[in-house]
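Visitor: The opening position of the sequence shown corresponds to residue 2 in our numbering, with each subsequent residue numbered one higher.
Because the hints were derived from the structure by calculation, they are not lab data.
Note that the Cβ used here is the ideal one computed from N, Cα and C, for glycine as well.
For each label pair, taking beta carbons as the anchor points, the in silico distance ranges come out as: (1) Q80 x G51: 18 to 24 Å; (2) T78 x G51: 17 to 23 Å; (3) D44 x E83: 15 to 21 Å; (4) Q90 x E60: 14 to 20 Å; (5) R91 x D55: 27 to 33 Å; (6) G64 x I88: 14 to 20 Å; (7) S53 x T78: 17 to 23 Å; (8) E37 x R62: 24 to 30 Å; (9) T50 x K70: 15 to 21 Å; (10) Y58 x E83: 15 to 21 Å.
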Amino acid sequence: MTTSTPPHGSRTDPPPQAQPPIPPQAGTPEPARSAERLAYSVDEAAFLTGLSRDLLYDEMRRGNLRYRKVGRRRLITRQHLEEFLGIPQRPTHPQSA
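Model the full structure from these sequences, guided by the hints.
Guide: Put into structure tokens, the structure is as follows:
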């Protein structure tokens, strides 16, 4: 008596079910949206403000736009952008009554 096996690929087993997505680790912060970041590269700041990179570099050189130098990079903080654009600063601590 000869037992034959079905050809490769024609198994009678049900197809494997997809694994459920792995939930994020507890306590792991979600990636921040770009509007909530603390600092931006010059390219990112240009994109967010709609201003050109050249204009931002010119304003930094003139001293009108403050920035932080980290290694060779220039980072523009959210506060620096808000000051430059004349956006009123939000209070950092709630007012006590």
